[in-house]
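Assemble chains H and S onto chain C, guided by the hints.
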Amino acid sequence: MKIMENKARFYIMLFLVPSILGFIVFSLIPMISALYLSFTNWDVIGGAPDIIGFKNFIDIFKSVEFYRVMTNTMKFISLYIPGILVSSLLLALMFNRTMKSVAAFRVLLFIPVLTSWIAGSIIWKSILSGQYGMLNNLLAIVGIHGPAWLTDPKWAMISIVMVSIWKDLGFFSLIIFGGLRSIDRTLYEAAKIDGANAFQILRKITIPLVTPTLFFVLVTTIINSFQLFPQIMVMTAGGPMGATQVMVERIYTYGFRYFEMGYASALAIVLLIIIVTVTLIQMVLQKKWVFYE
Amino acid sequence: MNKNLKLKDGSVFFVLAGLTIVSLVPFLWMISTSFKGAGALMSIPIEWIPKEVTFASYVKIFTKLPFMKSLFNSILVSVSSTLLTIFSASLAAFVFAKFDFKYKNLLFTLFLASMMIPIQVTGIPIFIILMKFGLINSYVGVILPTIFNVFGIFLLRQYMKNISNDFIEAAFMDGASFFQVYWKVIIPMSIVPITTLLVVNFMNYWNDYFWPLIILTDPNKMTLPVLLSKLNTQYTTEVNTLMAGSLVSMIPILVVYAFAQKYFIRGIQEGGIK
Amino acid sequence: MKKLLAVLTVVLFLAACTPAKAKEVTIKFLNYSSNGGQEATLTAMVDAFEVANPLIKVEVETLGYADYFTQLATRVAGGQAPDVFELNIENFRAYADKGAIAELDLSKFDISKIQPTTLKAFQIGTKQYGLPTKFSNVVLIYNKDLFDQAGVAYPTSSWTWAEELAAAQKIRALGTDIYGVFRPIQTWEFYKTVVQNGGSMMNADQSAFTLNSAQNVEALEIMIARINTTNVTPTTEQLGGMGDWDLFKSGRLGMIVTGIWAFNDFATNCDFAWDIAVEPGIKNHATHFFSDAVVVSKDSKVIAAATAFAAFLSGSPEAALLRANANWDLPVALTDEVIAAFKAVVPPANKQAVFDSLNYLVMPPSLEKFGAVADDLQIYLSKAIAGELTAKEALDQAQALISGKY
Numbered sequence: 000m001k002i003m004e005n006k007a008r009f010y011i012m013l014f015l016v017p018s019i020l021g022f023i024v025f026s027l028i029p030m031i032s033a034l035y036l037s038f039t040n041w042d043v044i045g046g047a048p049d050i051i052g053f054k055n056f057i058d059i060f061k062s063v064e065f066y067r068v069m070t071n072t073m074k075f076i077s078l079y080i081p082g083i084l085v086s087s088l089l090l091a092l093m094f095n096r097t098m099k100s101v102a103a104f105r106v107l108l109f110i111p112v113l114t115s116w117i118a119g120s121i122i123w124k125s126i127l128s129g130q131y132g133m134l135n136n137l138l139a140i141v142g143i144h145g146p147a148w149l150t151d152p153k154w155a156m157i158s159i160v161m162v163s164i165w166k167d168l169g170f171f172s173l174i175i176f177g178g179l180r181s182i183d184r185t186l187y188e189a190a191k192i193d194g195a196n197a198f199q200i201l202r203k204i205t206i207p208l209v210t211p212t213l214f215f216v217l218v219t220t221i222i223n224s225f226q227l228f229p230q231i232m233v234m235t236a237g238g239p240m241g242a243t244q245v246m247v248e249r250i251y252t253y254g255f256r257y258f259e260m261g262y263a264s265a266l267a268i269v270l271l272i273i274i275v276t277v278t279l280i281q282m283v284l285q286k287k288w289v290f291y292e
Numbered sequence: 000m001n002k003n004l005k006l007k008d009g010s011v012f013f014v015l016a017g018l019t020i021v022s023l024v025p026f027l028w029m030i031s032t033s034f035k036g037a038g039a040l041m042s043i044p045i046e047w048i049p050k051e052v053t054f055a056s057y058v059k060i061f062t063k064l065p066f067m068k069s070l071f072n073s074i075l076v077s078v079s080s081t082l083l084t085i086f087s088a089s090l091a092a093f094v095f096a097k098f099d100f101k102y103k104n105l106l107f108t109l110f111l112a113s114m115m116i117p118i119q120v121t122g123i124p125i126f127i128i129l130m131k132f133g134l135i136n137s138y139v140g141v142i143l144p145t146i147f148n149v150f151g152i153f154l155l156r157q158y159m160k161n162i163s164n165d166f167i168e169a170a171f172m173d174g175a176s177f178f179q180v181y182w183k184v185i186i187p188m189s190i191v192p193i194t195t196l197l198v199v200n201f202m203n204y205w206n207d208y209f210w211p212l213i214i215l216t217d218p219n220k221m222t223l224p225v226l227l228s229k230l231n232t233q234y235t236t237e238v239n240t241l242m243a244g245s246l247v248s249m250i251p252i253l254v255v256y257a258f259a260q261k262y263f264i265r266g267i268q269e270g271g272i273k
Numbered sequence: 000m001k002k003l004l005a006v007l008t009v010v011l012f013l014a015a016c017t018p019a020k021a022k023e024v025t026i027k028f029l030n031y032s033s034n035g036g037q038e039a040t041l042t043a044m045v046d047a048f049e050v051a052n053p054l055i056k057v058e059v060e061t062l063g064y065a066d067y068f069t070q071l072a073t074r075v076a077g078g079q080a081p082d083v084f085e086l087n088i089e090n091f092r093a094y095a096d097k098g099a100i101a102e103l104d105l106s107k108f109d110i111s112k113i114q115p116t117t118l119k120a121f122q123i124g125t126k127q128y129g130l131p132t133k134f135s136n137v138v139l140i141y142n143k144d145l146f147d148q149a150g151v152a153y154p155t156s157s158w159t160w161a162e163e164l165a166a167a168q169k170i171r172a173l174g175t176d177i178y179g180v181f182r183p184i185q186t187w188e189f190y191k192t193v194v195q196n197g198g199s200m201m202n203a204d205q206s207a208f209t210l211n212s213a214q215n216v217e218a219l220e221i222m223i224a225r226i227n228t229t230n231v232t233p234t235t236e237q238l239g240g241m242g243d244w245d246l247f248k249s250g251r252l253g254m255i256v257t258g259i260w261a262f263n264d265f266a267t268n269c270d271f272a273w274d275i276a277v278e279p280g281i282k283n284h285a286t287h288f289f290s291d292a293v294v295v296s297k298d299s300k301v302i303a304a305a306t307a308f309a310a311f312l313s314g315s316p317e318a319a320l321l322r323a324n325a326n327w328d329l330p331v332a333l334t335d336e337v338i339a340a341f342k343a344v345v346p347p348a349n350k351q352a353v354f355d356s357l358n359y360l361v362m363p364p365s366l367e368k369f370g371a372v373a374d375d376l377q378i379y380l381s382k383a384i385a386g387e388l389t390a391k392e393a394l395d396q397a398q399a400l401i402s403g404k405y
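Protein chains in written order, with numbering that gives the first Met the number 0: chain C, 0 to 292; chain H, 0 to 273; chain S, 0 to 405.
Extracted from the complex, chain C is given alone in its bound form (with noise of 0.2 angstroms):
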């Protein structure tokens, strides 16, 4: 768009000031202090830090455990992101039905997203609990003897997984239905006029549309996806055998509990230049299946 464009240049600067201000002091900064930390061996109480070059990266890509941490993140993105994805765009738009009810359900279906994720991870890790726990009594009356969830290496990060999408389904639908609200109703009725059927109607019309939000959930999953934290931290910190050891409890582990924060500065490094990579290709391939009006 192209009004006054002189005008406007003095208006954009303006509106961009306070984002940009708190960018560089809480974002940029403090960016650039982890980057130079990557380069030291930082330990967090005592001193001052001293450079010791790209050891710490050397030593990320050489290390059993990095590719641990990948395979396990990986695994949990392979399973979570289509999971969400698919379940919030069903219930966006289940949503997005003229019922009476569904504003109720929408209220139900949000409060597992307002529980704190420690509360919530509290009470996950006990219903989850191998013989004791709610899940496996109730499968027990259905005759399945459930694995133990959280303590088999193989169901861990599948738990994990499970617990995520019950936290997020209701906080990733609600924004999906945003978008679905937000087309223009008179598409619909144009397209019943000339006869289309719901299907029709759902693939060329409704999902074009939501492009932009699914876009906007896609790339935020998948930063929420590499940051995964707070759930690790209270159902399994990591095990069992390191099988749900992903980066940021890496991150912490190394910085607050070994005191390695150089270490952890790098690993931090490493995981943001995966990030902005996929991001970037995101970004990229957007244009070949988002449609902005």
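Careful, some of the hints might be misleading.
[What the hints assert, rightly or not] Here are the simulated EDC-like pairs of lysine to aspartate or glutamate, each with C-alpha atoms no more than 20 angstroms apart in a straight line:
1. H/K63 to S/E387
2. S/K119 to S/E162
3. C/K124 to H/E168
4. S/K404 to C/D58
5. S/K27 to S/D144
6. S/K368 to C/D58
7. S/K97 to C/E64
8. S/K143 to S/D245
9. H/K59 to S/D264
10. H/K50 to S/D335
11. C/K153 to C/E64
12. H/K220 to S/E60
13. C/K61 to S/D375
14. C/K153 to S/E387
No wet-lab data here; the hints were simulated from the structure.
Everything numeric in this text was worked out from a predicted model, so none of it was measured.
This is chains H and S only, laid out in the frame that chain C set:
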């Protein structure tokens, strides 16, 4: 046709009801736990409904803990932070959605990238910056960092992009100032995402405890999550009290959400988006 | 200009002449252990201190345990460390090694009553960097009713793992969901158990790891056999996420090796008779020791006052008695009065076992990075329990990884 639609509504209702029950089971378990005595927490077989209902946990949070004071602190911090975030994010989102300027994409990518560094690493540098500004142990120290919220900018931008340029151009033609366009055209048309952002941010700030824990060292300034985190003692966690406290502390967010949800729908009907 | 100078001179003169009143100082004290029930006891200690030292005021801040160390590290990094703060034994070493805390000058204080092992635990070389306030050790706690049902004699302080196993098997036979004994398999348990078998995690001067020594492998095999062979100890699956304490409290566990901090909880929540004995060893006795200490920040501007407060919390009979009467772990200043107060609270009847155990205290390798070593070793121990690796393979691999890394 009509009959068909009704039948479909019925099945949708059924699915939604089923999903709601599944989602709320953990929450019901929280409620049940909060009414249990310490001994009943781990009994075998599990007590779905406490055999002996006790209000001890609720009595404890209101009498033994400075609950009301923390409630006030939480409201103060969360409301101010939410308003600050919405204000600054909507300004930036408007500019990102509707105008071209030099380095726009670079700036936006930088913003997005900043979302990706975890607080566990930037926490200490931010703490040191706030300390240099003399903001440790002040509410401002907790509120100010929320001025920059990429999630908010990104969310609002995605919606604002879909607002037709015609509205904006028409307003400029009528002689509206830049700020008037933002305030009278863009904001009313973005009520839906702004309400979403309001709920989400209020909730995040309400539940956040990393910052308040580190910044507010005076026990009189403690927020609710910090108060509740004190239920983790060296050897045990008082799960029943923790659950009671978490449930009570959820009430304000539920109120905000229930209200926003109503407003949300009205905003859609009254705003420019049909 | 001259006038201004004159005024300034007068002002400075007046300022210099103000009688040098003894200044009141305020110290900040950050702690976690009073949280959740002992706040009033701590307040009583602070009051007693302020009465004895009228020129020192103490500002107490109490945090939850879960986030205490994150918080503390952030404040220390930001130069906002409290003057006096609490550290557990795991974190003490790091704070001392990295120079975040001050060496304490205790020449003016009476520390003679402090239990020597606890005092030594907070020394680096011969320098005292922290003062213990309370400590606890580990004993064998047993369910008397289950012993009676199985017709087994109660444990004595001369028991070894062999007698323990024999009793455990008879108790295990009482029912499918009744277990004999519980000792967790994790690094913190492992370093103690290998000492009981004559081994150790590191060589004598702590310059190299000896994780896969023959004694260690044997000890691990014995530990695992109790789960997988005799099954006197429940598997994780059988335990099903239930805590070991909860299993004991439910009356389905014959013996548990755990800390004396369980006494309060068990006294309230067990509806059967129980007592304690010194923890049995394999070849030697060895038992755990935990302690919390107060330290003084090296950046404190009131180090003398801070040290006085730390010494009061640690070595003074007043603070110790307040602690003993409040049943807040074991005070380190073990006066006769304190010991009598501690023994007066029953069950357990055999509280003498707690004091007998003090002869067998072992400490984890004094290693700055022990936390990281513990986490790495844990993964291999878990693999051995799961049967993915034999005890020997697990320890060989752990030895290779850990000695390469640290």
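What's the verdict on C/K61 and S/D375, does the C-alpha distance respect the 20 angstroms limit or exceed it?
Holds - the C-alpha atoms of S/D375 and C/K61 are around 16 angstroms apart, at most 20 angstroms.
Given the proposed pairing of S/K404 with C/D58, does the C-alpha separation stay at or below 20 angstroms?
holds (10 angstroms)
Would the hint linking C/K153 and S/E387 be met if the CA-CA limit is 20 angstroms?
holds (13 angstroms)
Quickly compare the C-alpha distance for S/K97 and C/E64 to 20 angstroms and report which way the hint goes.
Not satisfied, since the Cα-Cα distance of roughly 26 angstroms exceeds 20 angstroms.
When you check the alpha-carbon spacing of S/K143 and S/D245, does it fall within 20 angstroms?
Measuring from Cα to Cα gives roughly 17 angstroms; hence the hint holds.
Does the alpha-carbon distance linking S/K368 and C/D58 stay inside the 20 angstroms limit?
holds (16 angstroms)
Would the hint linking H/K59 and S/D264 be met if the CA-CA limit is 20 angstroms?
holds (19 angstroms)
Taken at face value, is the distance from the CA of S/E387 to the CA of H/K63 at most 20 angstroms?
With Cα atoms ~50 angstroms apart, H/K63 and S/E387 exceed 20 angstroms; violated.
Does H/K220 pair with S/E60 here, judged by a C-alpha cut-off of 20 angstroms?
At roughly 12 angstroms apart (the allowed maximum being 20 angstroms), S/E60 and H/K220 satisfy the hint.
Tell me if the straight-line CA distance from C/K153 to C/E64 falls inside 20 angstroms.
holds (18 angstroms)
20 angstroms limit on alpha-carbon distance, applied to hinted pair S/K27 and S/D144:
Not satisfied, since the Cα-Cα distance of roughly 49 angstroms exceeds 20 angstroms.
Has the given pair, H/K50 with S/D335, been kept, meaning a C-alpha gap of at most 20 angstroms?
This hinted pair is violated, its Cα atoms lying about 45 angstroms apart.
When the structure is compared with the earlier hints, violations turn up for hints 1, 2, 3, 5, 7, 10 and for no others.
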